[in-house]
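The listed protein sequences derive, respectively, from chains A and B. Counted from 1, the first sequence has number 351 at position 351 by the numbering used here; the numbering is strictly sequential. Counted from 1, the second sequence has number 92 at position 92 by the numbering used here; the numbering is strictly sequential.
Incorrect hints may appear among the rest.
Subject to a maximum C-alpha distance of 27 angstroms in a straight line, what follows is the list of computed BS3-like cross-link-like pairs (lysine-lysine) [claimed, not checked]:
hint, chain 1, residue 1, chain 2, residue 2
1, A, LYS187, A, LYS55
2, A, LYS285, A, LYS262
3, A, LYS358, B, LYS117
4, A, LYS187, A, LYS235
5, B, LYS101, A, LYS358
6, A, LYS230, A, LYS285
Quick caveat, the hints were computed from the structure, so don't treat them as lab data.
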Amino acid sequence: MIQAPPTKKRPTYFEELRARGHSRRDFMKVCTSLAAYMGLEASGVAQIAKALETKPRLPVIWLHFQECTCCSESFIRSSHPIVSDIILDQVSLDYTETLMAASGHAAEAAMHKTMEDHYGDYILCVEGSVPTGEDGVFCCIGGKSAEQILEETAAGAKAIIAWGSCACNGCVQAAKPNPTRATPIHKLVKGKPIIKVPGCPPIGEVMAGVIVHVVTFGTLPELDGAGRPKAFYSKRVHDSCYRRPYYDAGMFVESFDDENAKKGYCLYKVGCKGPSTYNSCGIIKWNNGVSYPIQSGHGCIGCSEANFWDAGPFYRRMQSFPGFGIESSADEIGLAAAAATGIGITAHAIGTNLRKSKLINDLITEGRESEQEL
Amino acid sequence: MATHVLRRVFVWELPVRIYHWLNALTILALIATGFLIGNPPAIQTGGEAYDNYWFGWVRYIHFVAAYLFFFNFLFRIYWGFVGNKYADWKNFIPTSKAFFKEMWEVIRIDIFLARNKEHMAVGHNPLAGFIYFLSFIAFMVQVVTGFGLYAAMSESFLAGLFAWVPAFFGGDFGLRQWHHIAMWFFILFAMVHVYLVFYHDYVEGRGELSSMGGGWKFIEEDAFHHDEKKHEEKAAKKKLKS
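Work out the full structure, taking the sequences as your base and the hints as a guide.
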């Protein structure tokens, strides 16, 4: 069996970056842009720079379960190469199947070494959901099921970051009927702080921002009710959408390729889920700030929201209502109920005239008599 | 055929009537604007966005009506403790066996239409009262889901109290679904409600339809003596016990 490398004093992030040939100027640029993404004030730049200069790098174990690696892909494409170097480079990351140089037993040994040397200190990043059906046979690494690996690694983790919708809510593999019983991380790990960073994938800068927050402040970022960092998930895509004025003006695309679509009107009526989706796509955007789905003429599909696959259809505003067939919307069910109520009322009205005829006729007779007397 | 001698009874106090019509008005506005928000018609297809704000106004009306609806509802709950006996909360929440017994009477006579029988209730009959109780729950569902949806776009303290709601419903997707389907309860309720008001007025002739205007209903003289007899019997029983 190959020996894991001997432990030495961990270099700081800055030291590692200098060793890899990045200038201090580049380093400061990254600190500045990260501070901006995280919504910090100007003094936050210095805080980030100081933390990355003085703190030894955080030991990180990054697990991949049921996923497509789009989270990792998104991350290494975040705006500045230093960002991915900070965490994803093989020197910074103790274990990750996709990017580590080691393989087989050596990789396993590296992971276990990190788990032992930094028990209670390392950050566990999980990309992907965990299949719990059939004893977890759908996802096994090194002879262990994903659930076993998660349990072992979570035990000594300081905090867990659930990358992407798979880890946060199960994403596509948890969509009905969920044959592998794909389960998000927060349902399996209890008693550990979990940061959810949903999205399919999450925005690379958001992922960097979360990690840097943990490094800089030594605490978890402030989370919302659903466990997502407020800095990136407190606003809906709708709230920062550049097409929002068209929404308020009531100017909507009726179908793709109509005149309104060409003019760039609001995509609300062709199924845009922006008003129900919490993410920073409209602000940070994608691919180094080039664009994002709505800017490219396609509605938001709500990929960072739980159950977005089952909350379809993607191209219709009205969703199908659970339990009433694939295409029944709330309005169709409501209309059917209203029609049934109308029929019931009509039947009752007819029945009233038949069954209560004496009461009604007495009232009419009495009324007529009074009319005559007066 | 005996001629009815009727006595005027003050059933619905002014605050109850104001509540009723404000409630009706806000629900109508909420349903109309809610439909428009759910599926806006293509009435604005040209011009510049800065010239128009019709969809913004529709949403604004929805939110204003929602606030009115909510506070009106709170007021009605308060009035259930200080209003007259027909406004009392005990009309809505069953607290005795007699409540259910009478409810069954109403079902037999007014729903299954027992031949030429009538059930006399001066205020709410127990079935109506209980269904109002269910509708109050629907009110709460609408308030909670509605303010839950509104919380993300509002800085107000009240909306902030509902910021936990989306997570509870598994995100905004599910939340707006429930908000939408619950709206249909109000439509069905209104249909049955209006029909039954006409039914009671038509079959019983006690001024059901106009009572929400002036507050009066007209009750047979006999009913009062009947009540007095009951009263005397109760008093006699009490005396016997002591």
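Evaluated hints:
1. A/LYS187 to A/LYS55: Answer violated: A/LYS187 to A/LYS55 is near 32 angstroms, above 27 angstroms.
2. A/LYS285 to A/LYS262: holds (21 angstroms)
3. A/LYS358 to B/LYS117: holds (9 angstroms)
4. A/LYS187 to A/LYS235: holds (25 angstroms)
5. B/LYS101 to A/LYS358: holds (26 angstroms)
6. A/LYS230 to A/LYS285: holds (17 angstroms)
In summary, the one numbered hint that this structure violates is 1.
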